[in-house]
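K.L.:
Okay, here's what each chain looks like letter by letter:
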Amino acid sequence: MKNPIVMIVLAVACLIALAMINLVSGAVAISATEILLCIFGIEPGSLSETEQTIVLQLRLPRVITACLVGGSLGLAGVGFQSLFRNPLADPYVIGASSGAGLGVTLAVVLGLQATALGLSGVAASAAVGSLLAVAVVFAMGSMGRRNSAFTLLLAGVAVSSMINAVASLLMYLNDNSMVVIMAWLMGSLAANGWTVVLATTIGSSISYGILWAMSRPMDLFLLGDATSQSLGLDLFRFRLLLVVASTIATASAVAAAGIIGFVGLIAPHIARRLIGPRHVWLVPMSACVGAAIMLVADVVARTIVAPAEMPVGILTALLGCPFFLFLLLTRNDTHEATR
Amino acid sequence: MNELSTNSLTFRYSHRLILDRITMEMKAGEVLVLLGANGAGKTTLLHALSRQLLPTSGCVALSNKDISLFTRRALAQNIAFMPQYENRQSEFTVYDVVSLGRTPHCGWWMPFSTKDLIAIDASLEATGLSGERDRQVTQLSGGEWRRMILARALAQDAPILLLDEPTAGLDLKYQFDVLDRIRRMAKERKLVVVVTLHDLNHAAMFGDRLALLAEQSLIAIGSAHEVLTPNLIQRAFHLDVTVIDHPVYGTPFVVPMYPTVPKGEGTQ
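So the protein lines, in turn, are chains V and W.
For what it's worth, my numbering labels the leading residue of the first sequence as 1, then goes sequentially.
For what it's worth, my numbering labels the leading residue of the second sequence as 1001, then goes sequentially.
Since the hints were derived computationally from the structure, they do not count as laboratory data.
Given the structure is predicted, the values throughout are model-derived calculations rather than measurements.
Heads up, the beta-carbon is just placed ideally off N, CA and C, and yes, glycines get one too.
Check each hint, because a few of them may be wrong.
[Unchecked claim] Computed from the model, here is a short list of chain W residues facing chain V with C-beta under 7 Å: (1) 1076; (2) 1081; (3) 1109.
Okay, chain V solo, but in the shape it has when bound (with noise of 0.2 Å):
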């Protein structure tokens, strides 16, 4: 077995060279070690006002908010499939994207102006859309009498289409807005300043504590629901932190960047096979393997149609799917002839 804390070191090390190739590349060239001695305030003289400003207020906030939602959008995927038992499951099954979705379009409907913790009107309301509709399923789903994770899952498709539909509804009643608020949900991580990093960094902070101090519980709850109640968990507190800290961690990614596909659903993939199964080591490797998709998900975006920007979610949805298909191929199945 491969030692993890070798393997996170080096992930680490990864996303600190992909970080560093974000802040290089662009349309105005500045060399690396430019860039570095900027950052850490040393010899700022040899770059002019406007590349301090470039590297200062424009690439290296969006580099750590290109970070912070890859590694909350992994920190979501590993709690929702925990949660599931289902590699398939991402961060939106349980409505999160439909609430952002109706959070956004009301936003844009109604002209929301206020912001909150630095973000806009419309980014707040997407994230607090995102948290009432992960809500209302969980109430839901925990009302009946049989209260699983196969509940919870129902109830989250029954509300997201029907949160889907009222959306849908504002938008084509409204339909001189709907460039906008589309624009806003296929995922951008344009025009985010020092501002967003703020809000985003909380948010992912909390989730990865509440979801790291639930790592045993979660290697526990794959083994099924008597087992892990009769070795001491209790399951409804279980899921409820479980739910909110994905939720939370999903909220801020959606807050700072939109809708983005596919980083959420791979990350604990490609994680699990660099880690294994313990949540202890999962947990940490999903939010870097995420951080690492999505800088380089970015960078492709920026410069793949220069001098326009793709929007970073459907490039990773299109880069996502091809490798997520090679995982699967080339997955060693086992055990699946044996079930």
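Chain V is fixed; fit chain W onto it per the hints.
P.N.:
Frame of chain V; chain W shown alone:
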């Protein structure tokens, strides 16, 4: 002193009555074997004893305190339950799964103490799995898997051990090894052990008391000689048997009577 008892325990699945007013006591240092035909409610009773299922009425008490008053974790420190089935589709190793048995003691996030590690090693040793600790769960045979979840229940180190068919699918040697070990632990550590078995002769050899479930209730509870009578076995299993004394142990030995099996030919 740890004792487990049920008082008028009744259980219904929708409207079907499964268990009807079961009242019994389980003592420390004693192996109680639950017997009964398929569907007689053995597993349901074990699930009720471990609070996997809530009874329709009546209660289960642990040292005279209703088990529904315990937190899950406190209950897990007192009652270890070995299920018949659970999810086997994980990439965990044997060691990962067995070490999860320590969760009730170390909680959600505390790292394992030396005591935890000793308990894990001891239960791997006890089930003959020391050499298999790094194997993946999905690569285990049915019998190895069952020994692994037994090892986890042992690592839980609870004074009450509920085992749902611990010998199913095991090699003959391990069937006896496991039962022998369970019996020895019950005596040494003064555990309350409740175990469901299918083999009446195993029950006679290893059980201190036998409880026979049929017709939704407990039709007999007592020593092997009291419970394993042709009449009671006919009532519970709808099977004609002759009961003889075991030539070595003197325990009752149940021989099913089938007219098509030729008698005596083997001895000529």
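K.L.:
Against the structure, test the hints numbered earlier, and report the numbers of the ones violated in rising order.
P.N.:
none
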